[in-house]
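With these hints in hand, go ahead and build the complete structure from the sequences.
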Amino acid sequence: MQLYCIDCTAILRAVAPPVKTRSTYRQEQAAATRVRIAEAARRLFTAHGYGSTSIDAIATEAGVAVRTVYSAFGTKRDILSLVCEQWLEQAQARERAQQVLADPDPVRRLRGAAGWLTHLYAAGFDVVTIFEGAMDEGPQTRELLRAKLAGRNQVMDAMIASVGERLVVPLADAQAVFRAFAAAGVYQELVVDQGWTPDRFEHWLADTLQAQLLGG
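FYI, in the UniProt record's numbering the residues of the sequence shown are 1 to 216.
Honestly, the hints are just simulated from the structure, not real lab data.
Fair warning: there could be bad hints in the mix.
Derived DEER-like restraints, expressed as beta-carbon distance ranges [unchecked claim]:
1. 25 <-> 179: 42 to 48 Å
2. 63 <-> 170: 49 to 55 Å
3. 172 <-> 56: 24 to 30 Å
4. 56 <-> 199: 37 to 43 Å
5. 43 <-> 147: 20 to 26 Å
6. 36 <-> 177: 39 to 45 Å
Note that CB positions come from ideal geometry on N, CA and C, so glycine has one too.
Right, here's the structure in full:
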């Protein structure tokens, strides 16, 4: 598929799923165990917070031995990384970004950017809140989370850059506006707290971006 206006191969690598290769039965078992542990951790991180969830609790929730968790991941931070990868895969983040950037119409690309962000949040806003709560858990965890956030921002910036010829504000300002509206607190306030549907949020964000960045 030819991406419109900008080569996003490197950018989309940030949200790309791992390359799948032929695996043995033992490898498939190990991968299934990692998934089960990550899913259990996601439930506990959501319910109790990242910092308050121990490896022992994750092992119990996943129905495996503690040594199995350490063998599969090494650190709790590694589990959090897989939780993020699973979320991006469930949200089809890479595929949807490609679809947005491939659209030849700049207005639809901008509105598609709003849809991409909304679908990402709707598919796993619990992961977003886990990330928010984990930011104070030490420098290595902060570095991981900032890298994940930077990957998301690169994709968002590329979407705004793809409509650069139609922007009525400087490109850097337009990208900053989109990132501001993408702050977790905005979705939290409108969808989670006020009860907006994701569709309503998407249309509001698309209309707002179009008015602010394209002049109507």
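> Does the Cβ pair residue 56, residue 199 satisfy 37 to 43 Å?
Replying inline: Since residue 56 and residue 199 have Cβ atoms about 41 Å apart, the given range 37 to 43 Å holds.
>> I want to verify a distance hint. Is the separation of the beta carbons of residue 43 and residue 147 within 20 to 26 Å?
In response: Once the Cβ atoms are compared, 24 Å apart, the range 20 to 26 Å for residue 147 and residue 43 holds.
>> Given a hint of 42 to 48 Å, does the C-beta separation of residue 25 and residue 179 actually sit inside it?
In response: holds, 44 Å
> Does the hinted range 24 to 30 Å hold for residue 172 and residue 56 at CB?
Replying inline: violated, 47 Å
> If you check the beta carbons of residue 63 and residue 170, does the distance land in 49 to 55 Å?
Replying inline: holds, 54 Å
>> Does the beta carbon distance between residue 36 and residue 177 stay inside 39 to 45 Å, or does it fall outside?
In response: For residue 36 and residue 177 the Cβ distance comes to about 41 Å; the hint holds.
In summary, the structure is inconsistent with hint 3 from the numbered list given earlier, while agreeing with all the others.
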